[in-house]
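A.B. asks: Below are the chains, spelled out letter by letter.
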Amino acid sequence: MKQPNIRAYPGLRPLSILFFLWLYLPIAVVVVYSFNDNRLVSVWTGFSTKWYAAALANEALMSALEISVMVAVIATLCATLIALLAAIVLTRATDLRFRRVSETVVNLPLLLPEIVLAVAVLILFSQIGLTNGLLKLVLAHTAFCTPFAFLPIRARLQGMSLDFEEAARDLYAAPFTAFRLVTLPMILPGVFAGAMTAFVMSMDDFITSNLLNSGGATTLPVYIFSLIRQGTTPELNAISTLLIAASLLLATLVLILNVRAMRRG
Amino acid sequence: MSKAFRFWGLVPAWALMILTLIVPILIVAGVSVAERGAYGGFNWAFDLSSYRQILYTVGWTDELEFDPKYVLIIGRTLLFAGGATLISLLLALPVAYYISQQSSRLKTILLYLVTLPFWVSMIVRVYAWLIILGNDGLLERIYRIFGGADISGFLFTPGAMITGMVYSYIPLMILPVYASVEKIDPALIEASHDLYGGRWTALKRVILPLAAPGLTAGSILVFVPCLGTVLEPMLLGGGKQLMMGTLIQTQFGGARNWPFGAAIAMVLLILVVLTLLLNARRAGRQMEATL
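Protein sequences, first through last, are from chains A and B.
So for the first sequence, the numbering used here puts the first residue at 1; every next one is plus one.
So for the second sequence, the numbering used here puts the first residue at 266; every next one is plus one.
For the record, the hints were derived by calculation from the structure and aren't laboratory data.
Check before you lean on any hint, since a few could be wrong.
Below are the SDA-like pairs computed for lysine to any residue, each with C-alpha atoms no more than 25 Å apart in a straight line [what the hints assert, rightly or not]:
1) Lys505(B) / Thr232(A)
2) Lys469(B) / Thr232(A)
3) Lys372(B) / Phe383(B)
Computed, partial: chain A to chain B, Cβ under 8 Å [said to hold, decoys possible]:
4) Leu96
5) Pro109
6) Leu157
Simulated restraints, written as ranges between beta carbons of each label pair [to be verified]:
7) Leu12(A) / Gly347(B): 50 to 56 Å
8) Arg470(B) / Leu130(A): 55 to 61 Å
9) Ile410(B) / Thr233(A): 23 to 29 Å
10) Ala280(B) / Glu66(A): 27 to 33 Å
11) Leu181(A) / Asn308(B): 55 to 61 Å
12) Lys505(B) / Ile17(A): 31 to 37 Å
13) Arg409(B) / Gln127(A): 50 to 56 Å
14) Leu18(A) / Arg317(B): 47 to 53 Å
15) Gly347(B) / Gln230(A): 29 to 35 Å
Keep in mind that this is a model prediction, so the values were computed, not measured.
Idealized CB from N, CA, C, for every residue including glycine.
Construct the complete structure from the given sequences, taking the supplied hints into account.
C.D. replies: Here you go:
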């Protein structure tokens with residue numbers, strides 16, 4: 001007689017399948033409707049790619065995309081560099097004072113509600129008279145991207161054996177040489193994963209960018225929000241689908257990097 | 266590591282957080298007790314009227330009249346965030362448990378599938394629900410196909426907002442719950458059966474207690490962002506059912522009462538800090554493990 005599996009519970013399988021369907025239904029709906037020929041979003045009349053052509057010819061969209069990418073690239077570079085320096089000190093320095101406080105401070109943007117942080121920088125910028133829209137966005141984005149870059153880098157630094165660095169030092173490598181030739185290549189997957197996560201977080205951000213939105217510094221999510229306010233259109237679905245494709249591509253890349261890092265570690 | 270590097274390596278991170286986070290939050294605290302400016306903005310003068318405004322309105326003859334308007338918004342925020350957390354928890358436990366029973370290859374794939382939507386832009390995910398729930402949207406059409414009456418009005422309801430919130434944040438619940446469910450030793454479940462406990466006894470006496478750390482951590486990870494959420498109430502709630510995040514946002518946009526917005530922001534901040542303090546260490550560790 002076959003033993004019943006005591007760890008299984010009835011209904012788990014159908015429930016889980018339903019859950020995954022529910023998780024992907026909204027994404028699928030956007031993608032499918034983006035190929036709809038009809039002007040009305042929910043009336044299907046035929047297959048068409050004309051909304052993609054319309055989206056790609058939309059100048060306001062392209063300039064919003066340009067701003068988003070520019071802000072995300074600069075913020076990612078700054079955040080990754082800051083996070084890398086902090087992670088090295090926090091994982092490698094012995095008897096460091098304020099280690100726990102420093103880690104909490106680096107992770108603060110993750111712990112506090114974004115709307116509060118957004119309001120806070122808005123008031124700060126207005127008080128010090130900073131009017132450059134791009135600079136405001138870069139500063140605010142760098143702050144909330146830093147923990148997203150920090151955590152994977154730190155995980156990688158903690159995961160690797162110290163033997164390699166010690167061997168390099170035994171062979172008279174200067175600290176920076178040891179870092180450049182030994183540590184950095186080994187933690188590179190973590191650095192890339194962190195940078196990519198930071199990039200996606202910056203590209204996706206709505207709350208901060210919307211509050212700081214001023215003259216000529218409209219990011220892609222803020223522009224999409226203004227389109228949604230005007231009503232749903234198939235073109236909006238096409239834009240969203242392009243964005244979904246880009247996000248999924250980046251997410252897969254990060255996953256591959258993580259899996260590789262885990263195998264090596 | 267040289268003393269200099271130990272110091273200078275941390276300086277950029279500290280400088281960034283002090284300048285863009287700690288100082289600004291102190292300024293918000295200051296503005297919340299400042300005077301409202303005549304043309305928007307604020308004047309530096311000590312004035313508690315922003316906090317008073319949360320509870321009272323000032324009548325014609327300067328008498329204070331209790332006005333539940335903003336207390337209702339704070340209550341609704343707590344209620345909806347709590348509801349979304351509870352639904353996420355009830356969904357996440359069986360799904361996480363199911364994933365933990367699969368082969369290691371399938372586990373990796375399913376966990377990847379759980380996190381994937383989280384990478385898709387928040388605004389796109391909320392917009393997708395707008396299409397599904399909207400007037401003449403997918404849900405109404407399906408309902409009609411199955412012979413339902415001509416109903417409308419899924420959108421702009423608490424249900425729509427909570428659906429959007431659960432959808433947005435449920436990966437943050439599943440991952441920590443999975444992490445603790447996965448570690449449960451099958452021998453413990455077998456032992457409970459050997460002692461004539463049925464499936465439900467095993468669930469209640471073995472699985473739930475051992476999953477508790479993950480459930481708590483996941484609840485915090487979902488509850489905290491739900492408290493400050495902005496997009497769901499704005500797009501799926503139609504701006505009729507304000508939550509604290511949207512209320513703050515409007516005070517810095519069209520309505521322009523910075524001190525009042527700052528006061529609400531401080532209330533939200535205090536609620537979040539209280540939630541975190543209740544389970545600070547565990548939440549922090551789980552959040553790091555999740556990322």
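A.B. asks: Each hint: holds or not?
C.D. replies: How the hints compare with the structure:
| no. | hint | result |
| --- | --- | --- |
| 1 | Lys505(B) / Thr232(A) | 19 Å, holds |
| 2 | Lys469(B) / Thr232(A) | 47 Å, violated |
| 3 | Lys372(B) / Phe383(B) | 18 Å, holds |
| 4 | Leu96 | 6 Å, holds |
| 5 | Pro109 | 7 Å, holds |
| 6 | Leu157 | 12 Å, violated |
| 7 | Leu12(A) / Gly347(B): 50 to 56 Å | 26 Å, violated |
| 8 | Arg470(B) / Leu130(A): 55 to 61 Å | 59 Å, holds |
| 9 | Ile410(B) / Thr233(A): 23 to 29 Å | 24 Å, holds |
| 10 | Ala280(B) / Glu66(A): 27 to 33 Å | 29 Å, holds |
| 11 | Leu181(A) / Asn308(B): 55 to 61 Å | 58 Å, holds |
| 12 | Lys505(B) / Ile17(A): 31 to 37 Å | 35 Å, holds |
| 13 | Arg409(B) / Gln127(A): 50 to 56 Å | 55 Å, holds |
| 14 | Leu18(A) / Arg317(B): 47 to 53 Å | 49 Å, holds |
| 15 | Gly347(B) / Gln230(A): 29 to 35 Å | 34 Å, holds |
Against the hints set out earlier in the document, violations occur for numbers 2, 6, 7.
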